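Line by line, the protein sequences give chains A and B. Residues are numbered in the working numbering as their position in the first sequence, beginning at 1, plus a constant of 43. Residues are numbered in the working numbering as their position in the second sequence, beginning at 1, plus a constant of 43.
Note that these hints are calculated values from the structure, not bench results. Treat the hints with care, as some may be off.
Identical copies go unnamed one by one, so any copy, or any two together, can satisfy a pair.
Unchecked claim - The calculated DSSO-like cross-link candidates involving lysine-lysine, where the alpha carbons are at most 27 angstroms apart (straight line), are:
| # | residue 1 | residue 2 |
| --- | --- | --- |
| 1 | 103 | 138 |
| 2 | 103 | 229 |
| 3 | 80 | 114 |
| 4 | 131 | 114 |
| 5 | 291 | 138 |
| 6 | 131 | 80 |
| 7 | 291 | 197 |
| 8 | 291 | 103 |
| 9 | 186 | 237 |
A quick note: this is a predicted structure, and the numbers were derived from the prediction, not measured.
Residues per chain are reported as follows:
There are 2 protein chains.
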Amino acid sequence: MFFTVFANEKLDPHVLPRPLILEYPEKVEIGLKQGDKEELQLKCSSWRVAGEANNLSPWKTIPSECGEYVKNYMMGRAYIVDLEMVSKEAENYAKSVELSSDGNDIWVFDVDETLLSNLPYYADHGYGLEVFDSTEFDKWVGKAMAPAIESSLKLYDELLGMGFKVFLLTGRSERHRSITIENLKKAGFRDWDKLILRESNKPADYLAGLGLGPIDFLSFVGPPIDRQLCMLVEEDANGTIALEDHGKTATVYKSEKRTEMAEDGYRIVGNSGDQWSDLLGTSMSDRSFKLPNPMYYIP
Amino acid sequence: MFFTVFANEKLDPHVLPRPLILEYPEKVEIGLKQGDKEELQLKCSSWRVAGEANNLSPWKTIPSECGEYVKNYMMGRAYIVDLEMVSKEAENYAKSVELSSDGNDIWVFDVDETLLSNLPYYADHGYGLEVFDSTEFDKWVGKAMAPAIESSLKLYDELLGMGFKVFLLTGRSERHRSITIENLKKAGFRDWDKLILRESNKPADYLAGLGLGPIDFLSFVGPPIDRQLCMLVEEDANGTIALEDHGKTATVYKSEKRTEMAEDGYRIVGNSGDQWSDLLGTSMSDRSFKLPNPMYYIP
Chain A
44 MFFTVFANEK LDPHVLPRPL ILEYPEKVEI GLKQGDKEEL QLKCSSWRVA
94 GEANNLSPWK TIPSECGEYV KNYMMGRAYI VDLEMVSKEA ENYAKSVELS
144 SDGNDIWVFD VDETLLSNLP YYADHGYGLE VFDSTEFDKW VGKAMAPAIE
194 SSLKLYDELL GMGFKVFLLT GRSERHRSIT IENLKKAGFR DWDKLILRES
244 NKPADYLAGL GLGPIDFLSF VGPPIDRQLC MLVEEDANGT IALEDHGKTA
294 TVYKSEKRTE MAEDGYRIVG NSGDQWSDLL GTSMSDRSFK LPNPMYYIP
Chain B
44 MFFTVFANEK LDPHVLPRPL ILEYPEKVEI GLKQGDKEEL QLKCSSWRVA
94 GEANNLSPWK TIPSECGEYV KNYMMGRAYI VDLEMVSKEA ENYAKSVELS
144 SDGNDIWVFD VDETLLSNLP YYADHGYGLE VFDSTEFDKW VGKAMAPAIE
194 SSLKLYDELL GMGFKVFLLT GRSERHRSIT IENLKKAGFR DWDKLILRES
244 NKPADYLAGL GLGPIDFLSF VGPPIDRQLC MLVEEDANGT IALEDHGKTA
294 TVYKSEKRTE MAEDGYRIVG NSGDQWSDLL GTSMSDRSFK LPNPMYYIP
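In isolation and in its complexed conformation, chain A is listed as follows (with noise of 0.2 angstroms):
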C-alpha cells in the first residue's frame, strides 16, 4: 500500500490530532542553491511534480524557498490549465463509459481544493508557507464564501447530465454540514446524491466499547486511559471534546466510506480529488482523477 508510512508514523498520543494537517518531524529540504533563480523554479517545479505523482514524504508546510513559486502557480493560468486538462481527462473517461439502467454508477468527490477553491484563504495564509491553523480556516469555512472551481463545476454538471450520480466525500466535519450545503449551493453545484462529512460526536459510544462510562476528559488529569482514546479525541474551537473519526488518516476514512458505498450496490467509476488520500487505499474507484494542489498535503 501506498500509505503504510503514514500508519507507521510514531505520534505522541499526549498531543491532541488536529483535523486536517497532522504533525511531521520531518523538516522539507530540497537542496537549493542560494541566488540561482532558474535553478529555484527548477527544484521548486521538480518538488511540485512530485507531490503531483505521490512521491514525496508526508510534509506539513512547503518548502520556504518554494513561497514565491507557488504564488504564482496558483495565481498565474497554469494552475487554471492544469485543473482544465484533468477535468477534461475525466469528462472523456465518464463519456466512454457505459451507465447501467440501475442508476448505480457514482462519481465521487472531494469537496476543498476540488469542488471549492480555498485559494482567498491561502492567499491571507502565505499558499502553504504557514503551518495549518485549523481556527482560522473554521472560521473561513463558516462564512460560506468559497468559489467554485469553474472546471470541476463544468464537469460536475456533465457528468450529472449522462447521468452519474453524484457523491461528495469531504474530511470536512458533520458539524460544517449546513454551511458546508450553503457554500457548494452558493457555487453552483446542486443535485448530489449524497454529502458525506467526518462523523463526530460520538465519545459514549467510543467509551461503551471499552466498557467505560462518561469521563469528563476536560477535568482529566493523569495518562492516557487509552492510546488510541487520545488518538480519537479532538478539541474543536469552542473547546468542546469530540470524539470523531478525525483521528484516522484521510485515506483510512475515505475508503471505508468507499467501502460502504461498494457495499451499498454502487459502481465507484470515477473519482477527483486534490490529494492521493482522497485516491488511494481500498474500493478505489475505476479510474481517479487527482487534482493539482502544491498547497497542503493530507495523509
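Go by the hints and put chain B onto chain A.
Below, chain B without anything else, positioned relative to chain A:
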C-alpha cells in the same frame, strides 16, 4: 482499481499484440491554440504533469504539438532534476525503514527508463512522437549500450549498502536476459538478487491446458481457435511464434510477479518505476516512486 480501463480495452483478437505498447484508437488532443508559444509551453507542461499524476487515458504517441517541449525537457536539466528529486525521496524513505534481520526486505526496480536510459534511442525516434517500433527497439536493446540513469545507480548502491535485496522486474523478454545482464553490468549495476523478465516459449503448456496438441500457427488459416490464445501469441523478430505473458498488461504481469515475491516471504518495502503500471495493481509496495517519463506509456 486504476487499471480497469485497460482491461476494458476492446482489442482486436486478430491483431497480434506487440510487446510493449498496445494500440489505442484514441487520438491525443490537448486543445492547443496554434502560434501561442507560452500557451503551448503551459499546455504541454500540463499534459506531462497529468501523465506523472496518472490522469491520462492510454496514449500511443505524445501530442504532436509537444514534440519540441518533450525534447527540451528530456535533454535539459529539468529531467535530471526531477530524477534526482525522486531518488532523494526514495533514499530518505529507505533510511527511515528499520530492516529486519531475515534479509527479506526488498526493493523492486523496473529497468528501462528506471535504471537504464534509452534516451539515445528515443532521441533518434522523435522522443515519443513516433509510434513504438518493437523491431527497431529490439535492435537497440541488442547493442547493450543503454547508459545508467545516474541518480538511480546512486540510489541502487545505497540500498544495497543499507541491506536491501534488489529485485529487477522488467517488461523485457526472457530472450533478452543475457543482453540485459550485459547492459546492466556495463552501466555499473551489480548484485541484484533476481532479474525477472517476461517468460516466453510456453505455447505447448498453454495448448495442453486447452486440451490441444501442437498447432502450426504460421500455416493456420481461419477464425481463432481461442480468443485468449490469440491474445497471448506473439510473433518475435525472427518470425517465431511464441506464447508469452506479453499478452497481459504490464500492470497485471508485474502484479503477479510481486504477489509471487510476497508469497515467497519477501517484504516489498520500495518500488521504483517510470510507469504507473510498474507500481499499481496488487501486492503493491509500501511506498512507490514514479520516475518521470513523458515519452511513452505502458498500460
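Hints and how they fare:
1. 103 with 138: between (37 angstroms within a copy, 20 angstroms between copies)
2. 103 with 229: Close neither inside one copy (31 angstroms) nor across copies (42 angstroms); limit 27 angstroms.
3. 80 with 114: both (15 angstroms within a copy, 23 angstroms between copies)
4. 131 with 114: For residue 131 and residue 114, both the intra-copy (24 angstroms) and inter-copy (25 angstroms) Cα distances are at most 27 angstroms.
5. 291 with 138: between (35 angstroms within a copy, 26 angstroms between copies)
6. 131 with 80: between (33 angstroms within a copy, 21 angstroms between copies)
7. 291 with 197: Classified as neither: same-chain Cα gap 32 angstroms, cross-chain 36 angstroms, threshold 27 angstroms.
8. 291 with 103: within (17 angstroms within a copy, 40 angstroms between copies)
9. 186 with 237: Within one copy, since 22 angstroms is at most 27 angstroms while 58 angstroms is not.
Hint check: violations occur at hints 2, 7; the rest are consistent with the structure.
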